[in-house]
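Novice: Add chains B and C to chain A, keeping to what the hints say.
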Amino acid sequence: MSDGAAIDLLKTSDGRPLKAALAEAQRRAKRRAFLLVAPLLLFVILTFILPIGQMLHRSVYHDGLAANAPVLKAWFEANPEGTAPDEAAYAALAADFKTMKAAKTAGIAGTRVNYTLPATRSLFTATARVADKLAPPYKEALIALDEKWASPEVWGALRAASSAYTIDFYLVSVDLERAADGTIQKVPENTRIYIYLFVKTFLLSGLITLTCLILAFPVAHLLAVLPMARANLLMICVLLPFWTSLLVRTTSWIVVLQSQGVVNDLLIALGIIGEDGRLAMMYNQTGTIIVMTHVLLPFMILPLYSVMKTIPPSYARAARSLGATSWTTFRRIYLPQTLPGIGAGALLVFILAVGYYITPALVGGADGQLISNFIDFHMDKSNWSLAAALSAMLLAGVLVLYWLYDRLIGIDNLKLG
Amino acid sequence: MALPIYASPLERIWHYAYLVICAGIFIFLVAPILVVLPLSFNAEPYFTFTQEMLTFNPDGYSMRWYDALLTDGMLAPDIPREGAWWSDMWNNSTWVKAAKNSIIIGFWATILATFLGTLAALGLTRPEMPYRRVITAILISPMIVPIIIIATGLFFFYSSPCGIIGLDCGRLTATYVGIIMAHATLGIPFVIITVTATLSGFDQSLIRASASLGANPRITFFKVILPLILPGVISGALFAFVTSFDEVVAVLFIAGPDQQTIPRQMWNGIREAISPAILAVATILVIISVLLLTTLELLRRRSERLRGVSPG
Amino acid sequence: MKKLLILSTALSAVAFSASADLTVMSWGGAYGAAQTEAHVKPWSAATGNVAVMLDSDNPAQPIKAMVEAGNVTIDVASVEYADAIRLCDEGLLETIDIATLPAGSDGTAAADDFLPGAVTDCGVSTDIWANVYAYDNSKLTGTVPTLASDFFDLAAFPGKRGLRKGAKGNLEFALMGDGVAPADVYAMLATPEGLDRAFAKLDTIKDDVVWWEAGAQPPQLLADGEVVMTTAYNGRIFGAAIGEGKPFQIVWDGQVYENEMYVVPKGAPNKDMAMEFIAYATSTEGLRAQAMQISYGPARKSAMLEELVYKDGTTVMASHLPTAEANLTNALLSSFEFWVDKDAELNERFNAWLATN
Numbered sequence: 183m184s185d186g187a188a189i190d191l192l193k194t195s196d197g198r199p200l201k202a203a204l205a206e207a208q209r210r211a212k213r214r215a216f217l218l219v220a221p222l223l224l225f226v227i228l229t230f231i232l233p234i235g236q237m238l239h240r241s242v243y244h245d246g247l248a249a250n251a252p253v254l255k256a257w258f259e260a261n262p263e264g265t266a267p268d269e270a271a272y273a274a275l276a277a278d279f280k281t282m283k284a285a286k287t288a289g290i291a292g293t294r295v296n297y298t299l300p301a302t303r304s305l306f307t308a309t310a311r312v313a314d315k316l317a318p319p320y321k322e323a324l325i326a327l328d329e330k331w332a333s334p335e336v337w338g339a340l341r342a343a344s345s346a347y348t349i350d351f352y353l354v355s356v357d358l359e360r361a362a363d364g365t366i367q368k369v370p371e372n373t374r375i376y377i378y379l380f381v382k383t384f385l386l387s388g389l390i391t392l393t394c395l396i397l398a399f400p401v402a403h404l405l406a407v408l409p410m411a412r413a414n415l416l417m418i419c420v421l422l423p424f425w426t427s428l429l430v431r432t433t434s435w436i437v438v439l440q441s442q443g444v445v446n447d448l449l450i451a452l453g454i455i456g457e458d459g460r461l462a463m464m465y466n467q468t469g470t471i472i473v474m475t476h477v478l479l480p481f482m483i484l485p486l487y488s489v490m491k492t493i494p495p496s497y498a499r500a501a502r503s504l505g506a507t508s509w510t511t512f513r514r515i516y517l518p519q520t521l522p523g524i525g526a527g528a529l530l531v532f533i534l535a536v537g538y539y540i541t542p543a544l545v546g547g548a549d550g551q552l553i554s555n556f557i558d559f560h561m562d563k564s565n566w567s568l569a570a571a572l573s574a575m576l577l578a579g580v581l582v583l584y585w586l587y588d589r590l591i592g593i594d595n596l597k598l599g
Numbered sequence: 028m029a030l031p032i033y034a035s036p037l038e039r040i041w042h043y044a045y046l047v048i049c050a051g052i053f054i055f056l057v058a059p060i061l062v063v064l065p066l067s068f069n070a071e072p073y074f075t076f077t078q079e080m081l082t083f084n085p086d087g088y089s090m091r092w093y094d095a096l097l098t099d100g101m102l103a104p105d106i107p108r109e110g111a112w113w114s115d116m117w118n119n120s121t122w123v124k125a126a127k128n129s130i131i132i133g134f135w136a137t138i139l140a141t142f143l144g145t146l147a148a149l150g151l152t153r154p155e156m157p158y159r160r161v162i163t164a165i166l167i168s169p170m171i172v173p174i175i176i177i178a179t180g181l182f183f184f185y186s187s188p189c190g191i192i193g194l195d196c197g198r199l200t201a202t203y204v205g206i207i208m209a210h211a212t213l214g215i216p217f218v219i220i221t222v223t224a225t226l227s228g229f230d231q232s233l234i235r236a237s238a239s240l241g242a243n244p245r246i247t248f249f250k251v252i253l254p255l256i257l258p259g260v261i262s263g264a265l266f267a268f269v270t271s272f273d274e275v276v277a278v279l280f281i282a283g284p285d286q287q288t289i290p291r292q293m294w295n296g297i298r299e300a301i302s303p304a305i306l307a308v309a310t311i312l313v314i315i316s317v318l319l320l321t322t323l324e325l326l327r328r329r330s331e332r333l334r335g336v337s338p339g
Numbered sequence: 021m022k023k024l025l026i027l028s029t030a031l032s033a034v035a036f037s038a039s040a041d042l043t044v045m046s047w048g049g050a051y052g053a054a055q056t057e058a059h060v061k062p063w064s065a066a067t068g069n070v071a072v073m074l075d076s077d078n079p080a081q082p083i084k085a086m087v088e089a090g091n092v093t094i095d096v097a098s099v100e101y102a103d104a105i106r107l108c109d110e111g112l113l114e115t116i117d118i119a120t121l122p123a124g125s126d127g128t129a130a131a132d133d134f135l136p137g138a139v140t141d142c143g144v145s146t147d148i149w150a151n152v153y154a155y156d157n158s159k160l161t162g163t164v165p166t167l168a169s170d171f172f173d174l175a176a177f178p179g180k181r182g183l184r185k186g187a188k189g190n191l192e193f194a195l196m197g198d199g200v201a202p203a204d205v206y207a208m209l210a211t212p213e214g215l216d217r218a219f220a221k222l223d224t225i226k227d228d229v230v231w232w233e234a235g236a237q238p239p240q241l242l243a244d245g246e247v248v249m250t251t252a253y254n255g256r257i258f259g260a261a262i263g264e265g266k267p268f269q270i271v272w273d274g275q276v277y278e279n280e281m282y283v284v285p286k287g288a289p290n291k292d293m294a295m296e297f298i299a300y301a302t303s304t305e306g307l308r309a310q311a312m313q314i315s316y317g318p319a320r321k322s323a324m325l326e327e328l329v330y331k332d333g334t335t336v337m338a339s340h341l342p343t344a345e346a347n348l349t350n351a352l353l354s355s356f357e358f359w360v361d362k363d364a365e366l367n368e369r370f371n372a373w374l375a376t377n
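Going line by line, the protein sequences match chains A, B and C. Each residue of the first sequence is one higher than the one before, starting from 183 at the first, in this note's numbering. Each residue of the second sequence is one higher than the one before, starting from 28 at the first, in this note's numbering. Each residue of the third sequence is one higher than the one before, starting from 21 at the first, in this note's numbering.
Bear in mind the hints are in silico, worked out from the structure with no lab data behind them. Wrong hints could be hidden among the right ones.
Listed next, the stretches of chain B that the computed footprint assigns to chain A, with coverage defined by at least 3 CB atoms under 8 Å from CB atoms of chain A [said to hold, decoys possible]: (1) 105 to 112; (2) 172 to 181; (3) 200 to 213.
Note that the coordinates shown come from a computational prediction; the quantities given were computed from them, not determined experimentally. Using N, Cα and C, we set each Cβ at its ideal position, and we do this for glycine too.
Bound-form chain A, shown alone (with noise of 0.2 Å):
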C-alpha cells in the first residue's frame, strides 16, 4: 500500500478528502493574509511605484522634436540612416518651421535637439523667427539662412531627435555625446560633470559612513554595557537628534558653524584663531560631511546597540581568564559579535546618504553638493529627461545596496528605536 492510498482514506466529519480540505483551508488563510496587505499594496503601487515608473519613462522618451515636425519624421522614417538630405527633406524641414511658428514650438523642438547636440536650439528659434518668408528652392533658402543647415552634423541629430525613444540622456549622463559621424564619444573636459558627481556622491557617502561608525561604535557599547536604568537616559541623547526635525538640525548647525557662528567665536575668545582666521566650516563640502553625520549618526547607533546588547560579556572574561589581552580580547572576540550590527548600520546609513539632498542644498554651497541636488537643478530647468536618466542611475545604486541588506540583513530585522 503507498503512502498516496493510506492518505486518500483520510477523510473529514464531511467526508471530503483531509487532503483536499487542508489545502483549501491553507489558500483560505493565504487569500486572508493577502487580502489585509492589498489595500496597503494597492496605495502603496498608485502613490509610489507608478509615478516613479512613469518618471523613469521620460528618461528615454522626449517628443519635443517628434510631435512637433511631423513631417521632417516622416522624411527620416522614409529614408534610411546614410541618405543625404535632397530638397524633400528641407522642403519637409520649412513645412514644420511654418507650423512650429505659428504654435510657437520652436524653442520646445530646438531645446530636444540640442541635449542631442549643444548650441542648435538658437537655429531654431532664429530660424523660426523668419519661418513665414521661407521659398522655394528650400534647401539653398534654408542654408542661406545659416550654414548650419547644411552640416551633416546637424542633421544627424535631427535624426536622433525626431524618434521619440532615444538614449541620449543616459549618454549625457555618463558624459558622452554622439559625434557627428554618429559613434559616441566623451564629452569635451571643460563640461564632464556626472562621473565625477556620481564618485563623489558615494566617496562622500563612504565618508560619511566610516565617520558615523568611528563615533557610533563606542556609544553603542557603552549603552550596551551601562545597567539599563543609566543607559535609558543616555539613549536619550540619541534618540533626541532622531526626533528632531531635520530642518531645525540643520539651522542649528548653521548657527553652530558659520563664520561668525558659536565655534568660531569661541576659538576666537580662546585666542586659537585670529579674526581672520576664522575657520570656513559651512557652505562648503566640511558643512555636508559634519552636518549629515550628525543627522545619521542614530541610524548607525541603534542598529550597533541592540546587536552588542545581546553579546554576553562572559565571552570577554573567558578569553581574558585564558591570557589574552585587552586589545586581542576586543579585535579577536568582540568585534566579530558585533558585525551583523556594523553591517545594518553601514549599508542603512551609505543608502540614506547617497540619496540626501536637503542638507546638502542647505549648507554644501558649491562644493558640497550631490548628485540630489544635480536632478533638482534639471527639474528646476525643466530638463525632465535628463533628470529622469540621473534618477534612473542613483535608483539603480540604491536598489542594489537594498537587496544587498534584505539578503545579508533581512527587511525584517530594520529596527527604529
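Specialist: Then chains B and C, alone, in the frame of chain A:
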C-alpha cells in the same frame, strides 16, 4: 560599567579616555540642538551669544522673535492686541497658517498610514502570507528610495493622475489630498516596521484561545490583539506624524501656495536670510520632539510591562 | 480621538476657505516686499480681491515646469527680461496687448510712454534693476574699491567674494573686470576664446567665492561678515543701506542692468484678473509706488516727471537708480538675444566648472 579589578594602569587610562570620548560624542549629538534654545531669546538679530546674554543681563533676552512669528504676514500687526488683531493673526500670520497646514496634513497622513499599515502588518505577520519577502521589501522601499526621486515622480503623476489611462480627472498637485497621500506613503514604512516588531512578540496562541472561548475574529481583534499591539501602533503613528511634520521636499515639488507647511517656511527662511525667528520655530519644534520622545518612551515601557519583560 | 477629529476638520475648513483670487510670484526679500506694498496690497484694497505673494529664487523656473506639466498655480510672475522673451518664444506665456495698458499720468499713450523695449509680446516692465557689487564700508578701511577690476583683485582687497550661482551676469562682469569695454562684452562672449577668458577670470577668485542663490542672501552675507564684497541686485543693497542703516556702499562700475517683467503663465487660473493686475501695477502710479519702496528705475517716462522720494520721506531716489546718468558711465545692458539662446548651454558649462576643481 565598572572596571575589572585586574585592569592594568594602561587599561585604566584607556578606560577613562574612552569615557571622555563617549562624552564628546554625546555632546556632538545634543549640543547643536540645545544651542538654539537660548539663542532664540536673543534680543539682537545675531546668531551668537552677546555680552548681555553671557552675563545673564535680562536686557540681552527678549521674546521679540516669538512675537515676530505671529506678526509676520499680518495685514495690520501694529494695532492694539484685541479681537481684530487676534483674528488677523489667526487668518493671515504666515507661520500660523503654516502650522495649521502642517497639523492638518500630518493628522490625515498619520491616520491613513496607520490604518493601512497596521492592517498590512497583521497580514504580513501571518505565517500563511504569500510572497512575504518581496511585498515587505516593496512596502518598506519609500523609506529607502531617495526623496528627490519620489517627489519628482509625484510631480508628474499628480499633474495628471488619470493621464496614464488616457483620462482627464483634474490634478492632485496643489491640493491637500495630494500631499496627504504623499506623506502617508512616506510614513507607511515606519508603521509597518514598528507594528510588525510588536506583532512578532505577540503570542499567536492567544488568538486560538480567544476563538476557542467563542469570540469571533472581530471581537478577537478589538478585545485581544489591538490592546496588546496598541503601543506599537501608536509609536508607528508617531513616527508617521513626525515624518510628515518634518517633510519638505515633496511639499516643495507638489504643494501650492495654500499648502505651505512649517518645514517649507523654514526652508525659505534658511535659504534666504536666516533671522532668529527661525530659531524660535526651531525651539518650539525641539520642545515638541521632546514631548513625542517622552510619549514614546512611556509607551515602550508599558508595552514591555504588558509583554512581561522586566521594565527598564 | 473624536475631539482631535473635530478640531482637525475645523482646521481644514479654515485652510480650504482661505484660498486666493490672485497669486503673484516674485523674488522674495526686500524686492518681494516692495512689490507687495506697492502693487499687491493696494490692488487688493482697490478691487476687494484677495491676492497673495509667493517667493521663489527665480520665478521663471517654476513657470516652465508648471506650464509644461499642465499644472499652473500662479497668475502673475516677475521674471528677468531674457526669461520673459524665451518663455514667450516657447509659447509658455499669455500675450499682452500694449493697447490695453493705461496711458501715462500726463496722458501719453502707453506705447509712447514706456521706454523702448519695456513692453514685449508677453511682458510689461515693472522696473529696471542692475546686478552691481557692493562692500561694507565699516570693514574695508583705507582704499576702497571703485572699479569692476577691484572685485577680482585679491591682493589689494583680500577676503571672500559673493557671486550669484549661475552663468548670467557673472560672465559679463568677469570680462569687464578684465578690462573689456561694455560695448565689446557680448561680441567677445560669442567666441570660444572670449568664454574661456571669462571663466579664466572667474578662476582667479574661485577659491574665495561664496555663491548665493536668493536675492536676500548678499546683504546678509555682507552683514554677517561672511564676505568683504558681493554682487547683488542694487535694490537689496539700497534697502539694507538706506532702509536699515547698514554701512554698505555700491560700486557703480561694470554692472549689468535690465528690465524686470511681469508676465502671465499660459493657462493661469485667473488670467483676466492677472491682466488687470498688471495694468494696475505698471501704470504710472504703480511704477512710482514701487520705485518709492526700492531703488529700481521705473520704465515709464511719465513716472520720472516728478521727483521720487523713498518711503522714509527724505531720501531722493534719483541718484540711487540704475538708470541715473552718473551710474551709467561703465554699465552694460543685458543682452536678451545672447541669453535666450545660450542660457542652457552656458549654465551647463558653469555647473561643470563649479562642481569640478
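Novice: All hints, please: hold or fail.
Specialist: Each hint tested on the structure:
| no. | hint | verdict |
| --- | --- | --- |
| 1 | 105 to 112 | violated (count 0) |
| 2 | 172 to 181 | holds (count 9) |
| 3 | 200 to 213 | holds (count 4) |
Checked against the numbered hints given earlier, the structure breaks only hint 1 and satisfies all the rest.
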